[in-house]
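Those sequence lines, one after another, are chains A and B. Each residue of the first sequence is one higher than the one before, starting from 2 at the first, in this note's numbering. Each residue of the second sequence is one higher than the one before, starting from 11 at the first, in this note's numbering.
Just so you know, not all the hints are guaranteed correct.
[Stated by the list, open to error] Here are the simulated DSSO-like cross-link-like pairs (lysine-lysine), alpha carbons at most 30 Å apart as the crow flies: (1) Lys615/B with Lys75/B; (2) Lys551/B with Lys66/A; (3) Lys107/B with Lys586/B; (4) Lys271/B with Lys54/A; (5) Lys54/A with Lys238/B; (6) Lys126/B with Lys54/A; (7) Lys232/B with Lys66/A; (8) Lys43/B with Lys187/A; (9) Lys416/B with Lys586/B; (10) Lys54/A with Lys566/B; (11) Lys187/A with Lys280/B; (12) Lys160/B with Lys54/A; (13) Lys171/B with Lys125/B; (14) Lys66/A with Lys248/B; (15) Lys54/A with Lys366/B; (16) Lys171/B with Lys551/B; (17) Lys336/B with Lys125/B; (18) Lys125/B with Lys586/B; (19) Lys193/B with Lys54/A; (20) Lys46/B with Lys280/B; (21) Lys615/B with Lys171/B; (22) Lys54/A with Lys125/B; (23) Lys54/A with Lys171/B; (24) Lys168/B with Lys54/A; (25) Lys187/A with Lys271/B.
[Said to hold, decoys possible] Cβ-to-Cβ under 8 Å is the rule here; a few derived chain B residues that face chain A: (26) Arg86; (27) Lys160; (28) Pro163; (29) Val164; (30) Lys248; (31) Asp256; (32) Asn275; (33) Arg276; (34) Lys309; (35) Leu310; (36) Thr317; (37) Gly318; (38) Glu319; (39) Asn496; (40) Arg499.
If you're looking for bench data, these hints aren't it; they were derived computationally from the structure. Beta carbons are placed, not taken as given, at the ideal position from N, Cα and C, and that holds for glycine.
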Amino acid sequence: MLSYLIHRILIMIPTLFAISIITFVIIQLPPGDYLSTYIAELQSQGENVDIAKIEALRAQYGLDKSMVEQYCFWVLGLLQGDLGFSFEYQLPVSEVVGDRLLLTLILNFTTIIFIWLVSFPIGIYSATHQYSWGDYGLTFVGFIGLATPNFLLALILLYFANVWFGTSIGGLMDPIYIDQPWSTAKFLSILEHLWVPVVVIGTSGTASMIRRLRANMLDELQKQYVITAKAKGLHPLKALIKYPLRTSLNPFIADIGNMLPQIISGSAIVSMVLSLPTTGPMLISALQSQDMYLAGSFLIFLALLTVVGMFLSDLALAWLDPRIRLGGGASK
Amino acid sequence: MNKHLTLFGYLFVFILSFANCAFGYSESPLLSKMVKNGKLPPVESRLPQTPRVIDFAGRNLEIGKFGGTLKMLMARAKDARQMTVYGYARLLIYKPKTFEFQPDILQSFDVIQGKKFIFNLRPGHKWSDGHPFTAEDFRYWWEDVANNPKLSPVGPPKVMKVDGKLPQFRILDNLSIQYEWEKPNPDFLAALAGASPLYIYRPAHYMRQFHENFTANSELQKLVTTAKQRNWAALHNKMDNLYRNDNIDLPVLQPWVCISKSSSNRLRFKRNPFFHRIDPKGQQLPYIDEFIFGIASNKLISAKTGTGEVDLQARYLRFDDYTFLKKGEDRSPYSTRLWTTAKGSHLALFPNLNHKNKVLRSIMQDVRFRRALSMAVNRYEINQVIYYGLAIEGNNTVLPESPLYKPYYRSKWAQLNLKSANQLLDDMGLIKRDSRGIRLLPDGNPLNLIIETAGESTEQTDILELIHDSWLKIGIKIYSKPSQRNVFRNRIFSGETAISIWSGIENGLASANSSPAEFAPTTQQLLQWPKWGQHFETGGKAGQIPNDPFAMELLKLYRDWRAEPVFAKRKDIWEKVLDIHTEQVYSIGLIAGVLQPVVVSNNLKNVPIKGIYNWNPGAHFGIYSPDTFWFKTLPKNSMER
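Looking at chain A on its own, in the form it has when it is part of the complex (with noise of 0.2 Å):
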């Protein structure tokens, strides 16, 4: 177990270290740099733009520097916990996240619970009762939320919230909250904003997760044991718990590492419609203007939950399910 285990964070400074040049590479392909972005905005506004100033810039920046130097520059203060600077915003990327990232785990850990029970009820459901009309209809729900464009959904709810409720439409919190200190009346207010985006990035997920868990639970359900368990009158309900339904949860535990990105990616989206002050709208538009160091250290950030999210999830998959074995590279 320790082999493996120092095994696979061995495994994990290779794949970081490959993710931070294919990131750096990409955020860098399109043409220009961020002084390119920076012109053409101060020009749709109508100021002059001296070109030998932004020369001064670009040198200042280190933009005249060749993208191995730029990388190097950019790794070697990874390693020492400095993230870079942020051109767009003038300020250490540490400082520009802030706050932000504490609220992206927030909205992403209650998504995922979001998307547990609720498809975890269902799921069974469906199993159970196989082609009814109770299956047929929740399903039908699962694959209207797998469908719909999550900000078309974000936009309908927004909306309605707004019209029905009279929550302020976007954002995590009501406007007089912000930049304010957590209190109980900031935490109820970001109770009421946060079931929008919840719903609308867990409905993707959610049916997607009660499909899974209804195919292995009918998996499950037509083997023998259950059926003599049930001959040998157990209960019903301890007949689907104790057995079939551990072996099912296997999806939910190895999606852990799946769902991170997934949720992450697909939140940032939603936090754009939305307006949510977490991470996603940030990192986009870092993208954007080629705000590269910006860019780059979020992009680390995520790949790091990943690979540490998919590590976490094998481990707890070996624990749950003995059947699994260590070091799959041993047995082939």
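With chain A's structure known, arrange chain B on it following the hints.
Leaving out everything else, chain B in the frame of chain A:
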């Protein structure tokens, strides 16, 4: 010592109470409270000796009352700078309607033969932290910032150079300064009055701590390390931006001062207790205590505005939001006003006279081709279909509100006439057509033109769809190609783009004193002749010499205009410029005067019903002095919470 102070204090109070009777200045209750607590000096010593009294009668404004929080929406935290635009406190400003210069922060200014500029400050004028604003602040910028090789590696801004030469800077006394050039500098005043102005002063008392000439190296190094900057120069440049509102410690002269960090999601601006303007009753402006910019994605802003979340909003609203906003008036107490915009053309087509391909370049440079293209655009149809007939049709030129306007500038070569357009193209020798009826170029290729857009709005592609149909009738097939703004510009600069669509000239309200730079190839950023502009801009180091006699003539006229201080003669030059521009059709204007929706809470007073929404001159709301806006009934004041 102590005794002296008390005595002095009594004397001070006495003088002040006397002054109070004499001038009768009054202030916001919010500030009175702070004065009582001893946190602020009284209003008489905060205002300059002669504050600027806003002409309420002339502007049709109502005297207001203090208080309230004005809510607005912005798309990015970076938009904090919009507060500097709206605040519009400048050394001198444009007057509404006439667009003439008028001193604002300055008490007065003198211009002698367009070469010598004398600025007089208001005695007793103070920065927002209470420190006096004096000639030293100008000297600091000129000598220690603009001419410091580390802070400004390329020297002072371009506007400060005439034919590459810098002015003589002189301090006349503690409150007056003078700039003198060898030749007239016609851009100087306009730059100072701009929406994003040229700042020729800095709060020297604050900035010195970041300057190596004034602060010991060891202390400076500490500041540099804590701010994670490369060196002191980078730190200084980061801290000294009077426009961006990104440093909350930097003293300013604006009506409202930023009190939120630049990465925040909600930007707050509280009133500047030392602001230099008053109303005729002696009340210190601004009326409104606090501004709040909520940050929301720009696509949500119209929706949020429609639910009545804001008190004033125009930025990020577009004409197509108008019906939605109008509908929201039933639910929330606001009114949607339509202001005119002042661009010469809301959208115009720019044939690239510097195209890479020799054949295309030669037809683009043929005036008959450009005239034919212009005459084959059905502007009436575009106006009716997309703008409900509310826009102005015609060329990319000055607007009817401009004192230089003549009707034919807008109408010549801009009337739909397919027959003449076809005739012109036939005259050019483009007679052969292919099986689809598309004309063939001299090299045998069909005349397929790609019109590139920056891909930011469907409006442009909709218009191109309409133009596509009418140009097909003169044998030209167009395709539209959206890209992304940077790519869009770089392709034009390098001559890869045949025709582009973008907004027309910025200042449609030009007067004889405004610069005609946009009408001549003076910069790379002009999309019809980027390489010629680059040639002029870089002093011949890059780009190409214009090979079009009229473009050369425009450049000559531009130079003449710069050297000419007399108003009447400047007007003559402008007429020649506009004549050439009209005849040569260098850009194909489509529609202008597209209306800008402005949402105003019914509670908010002194916002004009009809206005001009323009960046420069105008500074959006700035020219209408938002410091004179006030709330009839006070909403909950978040400053007191």
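key: Those earlier numbered hints the structure runs against, lowest number first   = 17, 21, 27, 37
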